[in-house]
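A.B. asks: Sequence:
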Amino acid sequence: MKRFFLFFLISTSFCLILFSLLEYRKEYLKNKSNFNNLENLIEDAIKPACRYNFDKNNNIKENDIKEINIIIPKSRNWEQNLLNAFIDKSNSISNKYKKRFKANIYLKNSKNDICKLNGRVRISGDGRDHLQRKKGYIVPSLDVNLLNGNIDGIVNFKLFLPSTRNGSSEVFVSLLLKEMGYLSPRTKLIRVNLNNQNHKMIFQEKASKEMLENNNLRESAIIESDESLMWKIRSNNGASSNGNIFPRVVNKKWIKRNLINQKIGLEGTKIFSKAILESWNKGGNDEEITFSDFLLSSGNIKNRKILSRYKSHLIASGSDHALYNHNRIFYYDPITKSLLPIYYDGNSRIMDLEKGFNFSQNFKDRFISRDLTSEDINTAINEVKAINLSKFLLLLNSSGVKITESDLIKIKNQLIKNLTF
Numbered sequence: 062m063k064r065f066f067l068f069f070l071i072s073t074s075f076c077l078i079l080f081s082l083l084e085y086r087k088e089y090l091k092n093k094s095n096f097n098n099l100e101n102l103i104e105d106a107i108k109p110a111c112r113y114n115f116d117k118n119n120n121i122k123e124n125d126i127k128e129i130n131i132i133i134p135k136s137r138n139w140e141q142n143l144l145n146a147f148i149d150k151s152n153s154i155s156n157k158y159k160k161r162f163k164a165n166i167y168l169k170n171s172k173n174d175i176c177k178l179n180g181r182v183r184i185s186g187d188g189r190d191h192l193q194r195k196k197g198y199i200v201p202s203l204d205v206n207l208l209n210g211n212i213d214g215i216v217n218f219k220l221f222l223p224s225t226r227n228g229s230s231e232v233f234v235s236l237l238l239k240e241m242g243y244l245s246p247r248t249k250l251i252r253v254n255l256n257n258q259n260h261k262m263i264f265q266e267k268a269s270k271e272m273l274e275n276n277n278l279r280e281s282a283i284i285e286s287d288e289s290l291m292w293k294i295r296s297n298n299g300a301s302s303n304g305n306i307f308p309r310v311v312n313k314k315w316i317k318r319n320l321i322n323q324k325i326g327l328e329g330t331k332i333f334s335k336a337i338l339e340s341w342n343k344g345g346n347d348e349e350i351t352f353s354d355f356l357l358s359s360g361n362i363k364n365r366k367i368l369s370r371y372k373s374h375l376i377a378s379g380s381d382h383a384l385y386n387h388n389r390i391f392y393y394d395p396i397t398k399s400l401l402p403i404y405y406d407g408n409s410r411i412m413d414l415e416k417g418f419n420f421s422q423n424f425k426d427r428f429i430s431r432d433l434t435s436e437d438i439n440t441a442i443n444e445v446k447a448i449n450l451s452k453f454l455l456l457l458n459s460s461g462v463k464i465t466e467s468d469l470i471k472i473k474n475q476l477i478k479n480l481t482f
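Basically our numbering = 1-based index in the sequence shown + 61.
The hints are simulated quantities; they were obtained by calculation from the structure and are not laboratory data.
Virtual Cβ for every residue (Gly too), placed ideally from N, Cα, C.
Be aware that a few hints might be false.
What the hints assert, rightly or not - Between beta-carbon pairs, the in silico distance windows are: (1) Arg-318 / Leu-144: 33 to 41 Å; (2) Lys-172 / Lys-463: 15 to 23 Å; (3) Glu-339 / Lys-157: 33 to 41 Å; (4) Lys-446 / Asn-165: 41 to 49 Å; (5) Lys-159 / Lys-127: 22 to 30 Å; (6) Lys-478 / Asn-342: 45 to 53 Å; (7) Arg-252 / Ile-148: 25 to 33 Å; (8) Asp-174 / Leu-338: 49 to 57 Å; (9) Leu-338 / Arg-137: 43 to 51 Å; (10) Ser-359 / Lys-150: 25 to 33 Å; (11) Asn-165 / Tyr-198: 39 to 47 Å.
Using the sequences and the hints, build the whole thing.
C.D. replies: What follows is the structure, given as C-alpha cells:
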C-alpha cells in the first residue's frame, strides 16, 4: 500500500510539473507572437544579445532592428509630465520637464525576434516642435538610455520626431558624411511604439564613447556648445541670443576618471573658449560669425582642412543649420590639439527634389562660408565623386530612406554643382 501511495505521489508530481512546463511554453509562445502585449513577456535567465544593423564596414546585418517598442510602467506620471510640458507657455521646453522615467524597451528585428532591455527615457529637444499632438496624444522626441545591453554598442540614443529634422534628409546627410569619413552618428528611420501608439521616428546615436569606438578613436573629450543660457534668454524674451554659449564637456564620467582626463578636457575647452571669444569679437552685438577653423585646429594644417571640407559639405547639402555656433559638437584630439567636427542637427532638405537644394544667393558674405579655400572645396568635390552609389543606395534603403538610383544620381550631381558654385 505504501509503495502504491509513493508511486501515486511521484506520478502526480511529475504530471503537475509537466503541465506547468507546457503552460509556461504556451504562455511564452503566446506573448512572443503578441508584440503589443510586451508587459507580460517572461524574461529569459540569460538576456539575448541585441545588435544594430551595421557592422564596422557598414555591411547590412540580418538581425537588423525594424521596430522599437517602449512601455513606461508609470505611464500616468509620464503623461502628466508630457501634458504640463505641452501647455507650458514658455518659448522652449524647460529642463524641469526633462526628468527620466523607467522604461521597458523591446527591440524587434526583421525575423520578428524580440529582445527586452531596461532603460530610461525623457523628453528631448529645446524647441517646442519636439512636442506634437497626434490623434489626441502628445508625442515627444525622446532621449533614451539603456541600462543593460546595447544595440551594436549603442547605449544612448535619440528618437526624433521626423519633422524636427526634416525626416529622411537627416538620415541621408548623416550617412553621407559617415560614408566620406567624417564623424557622424549612426542614424535611421524606424517604427516606434510608445505606450501602444505607433509612430515613425529618427533613431540617432548620441555623441558618446560608443560612437568614438565605432569610428576607431580613443576616448577623449567630446565638447559642445552649452546653450542653457541662450535658451533661457530666448524663453523669456524670444530674442536670438545666439552668442550666449559656453564650452561644455559631454562625457562627464570620462573626465572625472582621473587627472589626465581632466587636463585633456581643460585643454579642449580652452581652445573652444578662444574660438567662441574670437567669434564674439568679430561678429559683435549678437551677429553670428562662425568659429575660426584655424583656432579650432590650433593651426594644424591637416585638421584645418578637415574642418573646412566638412563645412563645405554641409553648405552644399543645405545642412548649414549644423554650422550655427550653438549647434556645434567636437571631438578633441589631444595629439594634434585640434577640435574635430561631429555632425549634429543639419536640418537639410536634401531629399526635397521638387524644390531642390540649389543655391539662390551668393554665400560670400554668409557667416558660415568663413575660411573656405578653393583647394578644400575641390577636395570635397572629389570626395563626393568617389562615393560608391550602389553601396550607398543599399545603405540608404536599409536605413529607411526609400530612394531610386536615378534620384540618388541627381542629388550627387547637385552636390557637385553646389560645391562648384
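A.B. asks: A separate judgement is required for each hint: does it hold in the structure or not?
C.D. replies: Cross-check of the supplied hints:
1. At about 40 Å, the CB distance of Arg-318 to Leu-144 agrees with the hint of 33 to 41 Å.
2. The hint said 15 to 23 Å for the Cβ distance between Lys-172 and Lys-463, and at roughly 21 Å that hint holds.
3. The given range of 33 to 41 Å is respected by Glu-339 and Lys-157, whose C-beta atoms sit roughly 34 Å from each other.
4. Checked against the hint of 41 to 49 Å, the C-beta distance between Lys-446 and Asn-165 comes to roughly 47 Å, which is consistent with it.
5. At roughly 28 Å, the beta-carbon separation of Lys-159 and Lys-127 lies within the given 22 to 30 Å, and the hint holds.
6. A hinted range of 45 to 53 Å for the beta carbons of Lys-478 and Asn-342 is inconsistent with their spacing of about 36 Å.
7. Here the CB-CB span from Arg-252 to Ile-148 is close to 28 Å, well matched to the stated 25 to 33 Å.
8. The hint said 49 to 57 Å for the Cβ distance between Asp-174 and Leu-338, and at roughly 53 Å that hint holds.
9. Against the hinted window of 43 to 51 Å, the Cβ-Cβ separation of Leu-338 and Arg-137 comes to about 48 Å, which satisfies the hint.
10. Ser-359 and Lys-150 have their C-beta atoms about 44 Å apart, which leaves the hinted 25 to 33 Å range violated.
11. The supplied range of 39 to 47 Å is broken by Asn-165 and Tyr-198, whose beta-carbon atoms lie about 19 Å from each other.
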